[in-house]
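Chains V and G are the protein sequences, given in the same order. Per our numbering, residue 499 is the first one in the first sequence, and the count goes up by one each step. Per our numbering, residue 9 is the first one in the second sequence, and the count goes up by one each step.
Where hints are given, some of them may not hold.
[As the list claims (entries may be wrong)] To give a feel for the contact side, a few chain V residues facing chain G, derived at Cβ under 7 Å:
id, residue
1, R719
2, D735
3, D739
4, D740
5, Q747
It is worth saying that the hints were derived from the structure and are not from the lab. Keep in mind the model is a prediction, meaning the values are calculated, not measured. The C-beta atom is built at its ideal place from N, Cα and C for all residues, glycine as well.
One-letter residues, chain by chain:
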Amino acid sequence: MNEDTLLSARGLTLHFGKVPALVNVDADLWPGEVLAVVGESGSGKTTLLNVLSGRMRADAGVTWYRDPQSRLHDVHAMPAPALRALHRSDWGFVHQNPRDNLRMSVSAGGNVGERLMAAGQRHYGNIREAAIDWLAQVEIDPARVDDMPRTFSGGMLQRLQIARTLVTHPRLVFMDEPTGGLDVSVQARLLDLIRSLVARLNIAVVLVTHDLAVARLLAHRIMVMQRGVVVETGLTDKVLDDPQHEYTQLLVSSVLQA
Amino acid sequence: MIPMLEVQHLAKQFTLHLRGGLQLPVLHGVNLTVHAGECVALAGPSGAGKSTLLRSLYGNYRAGAGRILIRHAGEMVDIASAPPRTVVQVRAKTLGYVSQFLRVVPRVPALDIVAEAAPDRSQEKAAALLHRLNIPTRLHALPPATFSGGEQQRVNLARGFIGGHPILLLDEPTASLDAANADIVIAMITEAKARGVAIVGIFHDAEVRRRVADRLLTIAPLQDAA
Ligand SMILES: Nc1ncnc2c1ncn2[C@@H]1O[C@H](COP(=O)(O)OP(=O)(O)O)[C@@H](O)[C@H]1O
Ligand SMILES: Nc1ncnc2c1ncn2[C@@H]1O[C@H](COP(=O)(O)OP(=O)(O)O)[C@@H](O)[C@H]1O
Ligand SMILES: [Mg+2]
Ligand SMILES: [Mg+2]
Chain V
499 MNEDTLLSAR GLTLHFGKVP ALVNVDADLW PGEVLAVVGE SGSGKTTLLN VLSGRMRADA
559 GVTWYRDPQS RLHDVHAMPA PALRALHRSD WGFVHQNPRD NLRMSVSAGG NVGERLMAAG
619 QRHYGNIREA AIDWLAQVEI DPARVDDMPR TFSGGMLQRL QIARTLVTHP RLVFMDEPTG
679 GLDVSVQARL LDLIRSLVAR LNIAVVLVTH DLAVARLLAH RIMVMQRGVV VETGLTDKVL
739 DDPQHEYTQL LVSSVLQA
Chain G
9 MIPMLEVQHL AKQFTLHLRG GLQLPVLHGV NLTVHAGECV ALAGPSGAGK STLLRSLYGN
69 YRAGAGRILI RHAGEMVDIA SAPPRTVVQV RAKTLGYVSQ FLRVVPRVPA LDIVAEAAPD
129 RSQEKAAALL HRLNIPTRLH ALPPATFSGG EQQRVNLARG FIGGHPILLL DEPTASLDAA
189 NADIVIAMIT EAKARGVAIV GIFHDAEVRR RVADRLLTIA PLQDAA
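Just chain V, with the same shape it has in the complex (with noise of 0.2 Å):
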């Protein structure tokens, strides 16, 4: 593992079957970077995802996790109770449906509050003041904090996850296609508003995209997945403006402008 990396990945291989979902993967990324993962559908990204957040076990490969005390951590050999502290804390995951992490029949203040007593927060007011500064800053209005999650749109339970996952300021957020299936008006409004907090919060990000315009505004540093293969790494702007690989050209030629 490299000295100061804040997860590190080694030779993951992970098969369906037949179907190589990830094959001999290398990964790195350091504190307060944002590392996209591009690719086509099935090329292996929310698997990728999955495994480096230890959700899933590869058949071969490594993933280290540095904690703040810089003691090194064995994804794939943790206790699953330290594990799941680690997800409760340390670590967040933003889903592409806000519904596989929200409690739908809990209030919004109440599902930001809620993480933070698993983190083991027990003074209420100190809590609900928390969730209601959150619901601020991802712009849902402090007024709807006791409604509940169903009487939110798309976009709302989006930005309602994010504080969700954020209000435990964790050093490491994976996230899996945080815009997909959302309007283009909304996509735009929650781009900047991730963007905004990933830099104020010096937050390091996993992102699952396959946009590239979305890497592009938000990562540091961008892999490109072909057939659980990554063909091509390096800086945003130079893999998606200068691409070596045949299937990065063919990606980049694909859209509109990225």
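Since chain V is already given, all that's left is putting chain G with the ligands on it; use the hints.
For chain G with the ligands alone, kept in the frame of chain V given last:
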């Protein structure tokens, strides 16, 4: 004289995989040294590779061969071989670039685009520089997507100049400006040189080039590899 930028035997060609692997050689054997306070203008016909050279210097295009040494934090860093994180640091502190066209970000106002590039994120300095470039206050709060080409270029210039980088790369900075605004840009370039900034630029306008450039580097078009 302090060399700020040193290009050694730079070569660059594109391989167009979607055109059957066609090889397009653009730069070959480019050597260039730029000292503090100097402005070198890239000359040559359209399509010769001037923008390609500038983008390579910024680490936006991948150099095929050769070295691109940038004086950064007291050392010469080779942009051509530096890891991405180093390039990010060099760009933040040392190397500024004004692209030919502003890439607009949805929803971000002109003032923020410029202030985000300032070392201290100062909105006041951003506003002052936008005013100097004749972008009126009423436009500062708007995203530049709807601005005219000349207005977008001036926002782009403000963003490029506010960083106070010791090396600046300018791709046709006055291309869509009227004479009065071009004069302002010429004054900004002249002041930057006086502060010791090393500049490499492409200036389509011969008069602008004459007024700012100390030297020319001519980029000759390469023959297509047969
Ligand atoms: N749980 C699973 N069982 C079987 N095949 C799967 C499973 N998850 C993913 N795959 C397959 O693995 C490949 C990579 O999938 P995925 O990581 O979801 O790609 P992406 O996120 O890039 O669209 C695809 O061919 C997909 O069908
Ligand atoms: N990203 C790229 N991919 C492929 N070819 C490129 C790319 N960028 C520039 N070129 C080609 O390189 C040559 C030089 O272009 P450019 O550097 O823009 O010339 P100039 O700035 O001198 O007008 C042109 O033939 C152009 O088409
Ligand atoms: Mg997926
Ligand atoms: Mg050009």
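How the hints compare with the structure:
1. R719: 5 Å, holds
2. D735: Constraint on V/D735 satisfied, holds at 5 Å.
3. D739: With a closest approach of 6 Å, the V/D739 hint holds.
4. D740: 4 Å, holds
5. Q747: 5 Å, holds
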